[in-house]
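Residue strings, one per chain:
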Amino acid sequence: MDELIETHPGSWILVAGPRAIRATMLTLIARLAERGPVRVLDGGNQFNAYLIARQLRGQPNLLSRISISRMFTCYQVLAALEKASELPMPLVMLDFLRTFYDESVPFHERRRLVSRCIPHLRRLSVMAGGAVSIHPPAVTSSEAETLFAILAEAAAERWIQDPPAPIQQPGRLC
Amino acid sequence: MGRTLPTASMLIQQEEQSFARFRRALRRSDQVALDDLFAAARQHLAAAQYAAHALPFEVLLLAMLLEEHKEVMRLRQQLDELPDASRNG
Amino acid sequence: MDEILTGWLLDVYREETSLTLWLLDDDGQRRRLTHPFPAAFYAAGPANQLRALWRWLSEQEIQVHLSRMERKDVFQGIVTVLAVEVVHAPQLDALFRRAVETYPDLTYYDGDISISLRYAARFGVFPLARCQVVVNAERVKTITALNTPWELEPAPVPLRILSIEPDRDPAQACPRHLVIRYDRIRYILPLEPARAFLISLRSTLERYDPDLILTDWGDTWLLPCLLKLSKEYNLPLPLNRAETQGVIEHQARTYFSYGQIVYKGSQVQLRGRMHIDRRNAMMWSDYGLEGVLEMARVTALPIQDAARLSPGTGISSMQFVTALRANILIPWHKHQAEQPKTALELIHTDMGGLVYQPTIGLHKDIGGIDFVSMYPGIMVRFNISPEVPRSKAGDLTPATGEPGKVPSMGIVPQTLAPLLEKRIAFKTALGNLHPKDCRREVYKARASAEKWLLVTCFGYLGYKNARFGAIESHEAVTAYGREALLRAKEAAEDLDFSILHMYVDGLWVQKPGCSTPEDFQALLAEVSERTSLPIALDGIYRWVVFLPSRVDERIPVPNRYFGVFQDGSIKVRGIEARRHDTPPFIAETQMKILAILAKAADADRLPDFLPEARQYIGQRLDELAKGRVPLAELLVSQRLSRELTEYSSPSPAARAVWQMQAEGKQIHPGQQVRFLYTRGEPGVHAWDGTESTDISMVDSNRYKTLLMRAVGTIIRPIEQHFEIMPQHSNYVLFPNQKAGPVKELGGQMPLATFLDLRGRLVQLH
Numbered sequence: 007m008d009e010l011i012e013t014h015p016g017s018w019i020l021v022a023g024p025r026a027i028r029a030t031m032l033t034l035i036a037r038l039a040e041r042g043p044v045r046v047l048d049g050g051n052q053f054n055a056y057l058i059a060r061q062l063r064g065q066p067n068l069l070s071r072i073s074i075s076r077m078f079t080c081y082q083v084l085a086a087l088e089k090a091s092e093l094p095m096p097l098v099m100l101d102f103l104r105t106f107y108d109e110s111v112p113f114h115e116r117r118r119l120v121s122r123c124i125p126h127l128r129r130l131s132v133m134a135g136g137a138v139s140i141h142p143p144a145v146t147s148s149e150a151e152t153l154f155a156i157l158a159e160a161a162a163e164r165w166i167q168d169p170p171a172p173i174q175q176p177g178r179l180c
Numbered sequence: 070m071g072r073t074l075p076t077a078s079m080l081i082q083q084e085e086q087s088f089a090r091f092r093r094a095l096r097r098s099d100q101v102a103l104d105d106l107f108a109a110a111r112q113h114l115a116a117a118q119y120a121a122h123a124l125p126f127e128v129l130l131l132a133m134l135l136e137e138h139k140e141v142m143r144l145r146q147q148l149d150e151l152p153d154a155s156r157n158g
Numbered sequence: 098m099d100e101i102l103t104g105w106l107l108d109v110y111r112e113e114t115s116l117t118l119w120l121l122d123d124d125g126q127r128r129r130l131t132h133p134f135p136a137a138f139y140a141a142g143p144a145n146q147l148r149a150l151w152r153w154l155s156e157q158e159i160q161v162h163l164s165r166m167e168r169k170d171v172f173q174g175i176v177t178v179l180a181v182e183v184v185h186a187p188q189l190d191a192l193f194r195r196a197v198e199t200y201p202d203l204t205y206y207d208g209d210i211s212i213s214l215r216y217a218a219r220f221g222v223f224p225l226a227r228c229q230v231v232v233n234a235e236r237v238k239t240i241t242a243l244n245t246p247w248e249l250e251p252a253p254v255p256l257r258i259l260s261i262e263p264d265r266d267p268a269q270a271c272p273r274h275l276v277i278r279y280d281r282i283r284y285i286l287p288l289e290p291a292r293a294f295l296i297s298l299r300s301t302l303e304r305y306d307p308d309l310i311l312t313d314w315g316d317t318w319l320l321p322c323l324l325k326l327s328k329e330y331n332l333p334l335p336l337n338r339a340e341t342q343g344v345i346e347h348q349a350r351t352y353f354s355y356g357q358i359v360y361k362g363s364q365v366q367l368r369g370r371m372h373i374d375r376r377n378a379m380m381w382s383d384y385g386l387e388g389v390l391e392m393a394r395v396t397a398l399p400i401q402d403a404a405r406l407s408p409g410t411g412i413s414s415m416q417f418v419t420a421l422r423a424n425i426l427i428p429w430h431k432h433q434a435e436q437p438k439t440a441l442e443l444i445h446t447d448m449g450g451l452v453y454q455p456t457i458g459l460h461k462d463i464g465g466i467d468f469v470s471m472y473p474g475i476m477v478r479f480n481i482s483p484e485v486p487r488s489k490a491g492d493l494t495p496a497t498g499e500p501g502k503v504p505s506m507g508i509v510p511q512t513l514a515p516l517l518e519k520r521i522a523f524k525t526a527l528g529n530l531h532p533k534d535c536r537r538e539v540y541k542a543r544a545s546a547e548k549w550l551l552v553t554c555f556g557y558l559g560y561k562n563a564r565f566g567a568i569e570s571h572e573a574v575t576a577y578g579r580e581a582l583l584r585a586k587e588a589a590e591d592l593d594f595s596i597l598h599m600y601v602d603g604l605w606v607q608k609p610g611c612s613t614p615e616d617f618q619a620l621l622a623e624v625s626e627r628t629s630l631p632i633a634l635d636g637i638y639r640w641v642v643f644l645p646s647r648v649d650e651r652i653p654v655p656n657r658y659f660g661v662f663q664d665g666s667i668k669v670r671g672i673e674a675r676r677h678d679t680p681p682f683i684a685e686t687q688m689k690i691l692a693i694l695a696k697a698a699d700a701d702r703l704p705d706f707l708p709e710a711r712q713y714i715g716q717r718l719d720e721l722a723k724g725r726v727p728l729a730e731l732l733v734s735q736r737l738s739r740e741l742t743e744y745s746s747p748s749p750a751a752r753a754v755w756q757m758q759a760e761g762k763q764i765h766p767g768q769q770v771r772f773l774y775t776r777g778e779p780g781v782h783a784w785d786g787t788e789s790t791d792i793s794m795v796d797s798n799r800y801k802t803l804l805m806r807a808v809g810t811i812i813r814p815i816e817q818h819f820e821i822m823p824q825h826s827n828y829v830l831f832p833n834q835k836a837g838p839v840k841e842l843g844g845q846m847p848l849a850t851f852l853d854l855r856g857r858l859v860q861l862h
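Protein chains in written order, with the working numbering: chain F, 7 to 180; chain W, 70 to 158; chain A, 98 to 862.
Treat the hints as calculated values from the structure; they're not laboratory data. Hints may contain errors.
Within a straight-line C-alpha distance of at most 35 Å, the following computed DSBU-like cross-link-like pairs (lysine-lysine) qualify [as the list claims (entries may be wrong)]: (1) 541(A) - 139(W); (2) 668(A) - 461(A); (3) 139(W) - 689(A); (4) 461(A) - 139(W); (5) 169(A) - 139(W); (6) 541(A) - 461(A); (7) 169(A) - 89(F); (8) 361(A) - 325(A).
Some chain F residues judged to face chain W by a derived CB distance under 8 Å, without partners named [what the hints assert, rightly or not]: (9) 48; (10) 54; (11) 56.
Only a predicted model underlies this, so the values are computations on that prediction, with no experimental measurement involved. Even for Gly, the Cβ is constructed at its ideal location relative to N, Cα and C.
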């Protein structure tokens, strides 16, 4: 999968899969940084700069080409996208939906916020393209599926990796 | 708002794990020595954290080397304290 | 006709259109007064949407004054807002909710601030404030506070306190009677027959007319039970003093806080009186009622809320009051994400305090020095707040050092400064009070409330939903903290001290010949000079033992130590006795051993006290073996950290919960589970809500193992230091240790030699 993901100016791709695809996204960031500046928005504490540095073989100084901003609530995600201006660098958005799984915010509100994010993803991908990763929540829900569908519909391309079937653990209670 | 990056302690643990295959193939006596090196590096977690080096493994190696050099200095000092006769065997 | 009253403000809460306040006046009357006052919220956004909101608001039934104004948003600077002043503050909540539903895309401010905080901010009053009130027909015309929350010793409030406690823990067994106490009266009231019980309790409530009802398990059992009985027998109980409202019941809930799962039991709050459940009150065992009242004074939260505080609520309430008074907007939702930084910058900023590995083993004559409330101190001293631009960390010039150039104090330090000052004032006062002075306990409790607020303020700054939190501020605090600790290290080394341990805001230092407080003064002065932060001598240890990791004996772990100060007092961190899941029997044994060792006048005499310690251990083992330890002393208490179904292999706690569930008892993540280790399957016995067990079922071997482990933590390092052969062969110190060099080393030569060697190594540098 690493080799296939490619960002294209004018659109953004959706990368959906289990949390393990984080490595793919970090590799993507490293490859983009080798070519030039890259903008990363992290919605799920995923940006492990050390793993990226390791992939920038011998050139850890390229880390200064990566601009990173972290978000911890869904309001912050929308605010960060709204505030960002169009720049000639690709956008990588990590774990986009994580903050939108927070059930302390009413679902209609989360859905409204996700929808408001979409035009900004498009806007920020115009000059150099973008990639947005999402993971399923710990406990699947119809709400999560609705949010996923909103994003999937808006994406120009979709990379979807199914999570492995859960292994039945015999020692588990209940 | 949580920490995004692993702590120095987690980094050392990850580096140690990444050498699990290397360690397995070593002789038992060499495994013991290798474990000692990692344990020695753990003496400098705070400094490793503060260093904020993009490639933590480099800091880890330096920390190991530091402890090794301290050991050399200690042995040298012990040697200096020995009477001349015993040094000649 | 106007009447002028002076007295203490007991409580404020909302009624339909006005605010009710209870005043305890100087004649001893409890006066229920009403006070109508306006409150505002604000909206910002695109002009056309604001105009639509304006039109919508002017069509609503709720009376408002609308205006356009400029206000300060901490993150955005001056913004133009639509100000919505609701004429009757209690109607604000409903109007705000509807506005948000109708115009969700606007940015709102000040919408969800409780009416009691608004009242406190507007009139400068706070719970238990001494007030002068001008009233007309029980309606407040003006209210003025005659004191501030920052007085160390406010005039005592003559509260009438009624204490009610059941004879046993209702989770364990059904209580049979209540113990009722007030003034000097104490009597036992049987719960059966119920009618007689209710009549008697009612007459006590009517006769004594308490201001504060202090209970055990009142939130979870007693009050819900009383309400039910009262309904069943149709005998009204005057739990409330006010008749306009019912008793307020809040359901139990589980939530995440600081990455931890927390369970909050149900709550019952009263109107006109106050109810505090000692078992559900935050930090009760630490600071008691005095601390709760102090918490209410400084946070301006109503006493019943202050008693049941959750982390962050205290500090956020204080910030809200500061903001309301300073006309700073309180964002409804925080919108600001992190300012973009480079990945390289992230590596430099995304870290906490510096935590060193101590030099393992026993050390003599160690000075423990600590920065005083380091993180809050940094926030105040260096003016760390989201709206204050930051210079590079590493420059420790105090923010107040350059008048004119420095922006005025930000909202975070502005809120903290008086709190920090008060805590330091209490500390100083305590240092000067005679040990037998009766004010000591009160001061300690109050200082402890301040301490708790100061401890939580740093975490709160980094909390995602904190309205005035910012990740940059949070990172700046730790950056200053690291710089200060390193400067302290350098100062100590320049003065020829060796450093045994450093932990975020504290250092353990040693220098031959330094054994009195005066010997450390020069160092304290030097550190203070280099860091601009106050630092104090926590104490001089006669001896202290830094412990290795439980898993690997070669690896020292921070903040796991025990030691004895020169005055004989004991300090322990990270050992079994401090852990919440250690059975009381074992914790007590460990602390008693330390108490025996603390009798040694200096470290060299420690071996003289080992025989007494060993004799005591023998006695405790004997008690255990003969089944003489009360079961409650053997209880293990653990918090259920997740849903039962999420445990892949059932821990003892999970097995205990399973038993409770089989008995039809509900338990939620975040709740405590208490159980005993028992013989055979399933190896545990749940304590609450299951049939009682007898002592013969207890797995005494398991307790013996736990006991010897706790004993070994203390005794073994001392035996090693003095190269004494262990007397107890069955210490279980490193249960998880893999075969490795240390074990071999430990087997072939006394471990103490190895430790000495390590000690010398460290002294080389």
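Going down the list of hints, with the structure as the test:
no.	hint	verdict
1	541(A) - 139(W)	violated, 47 Å
2	668(A) - 461(A)	holds, 14 Å
3	139(W) - 689(A)	violated, 40 Å
4	461(A) - 139(W)	holds, 24 Å
5	169(A) - 139(W)	violated, 58 Å
6	541(A) - 461(A)	holds, 30 Å
7	169(A) - 89(F)	holds, 19 Å
8	361(A) - 325(A)	holds, 22 Å
9	48	holds, 7 Å
10	54	holds, 6 Å
11	56	holds, 6 Å
This entry does not satisfy hints 1, 3 and 5, going by the numbered hints stated previously.
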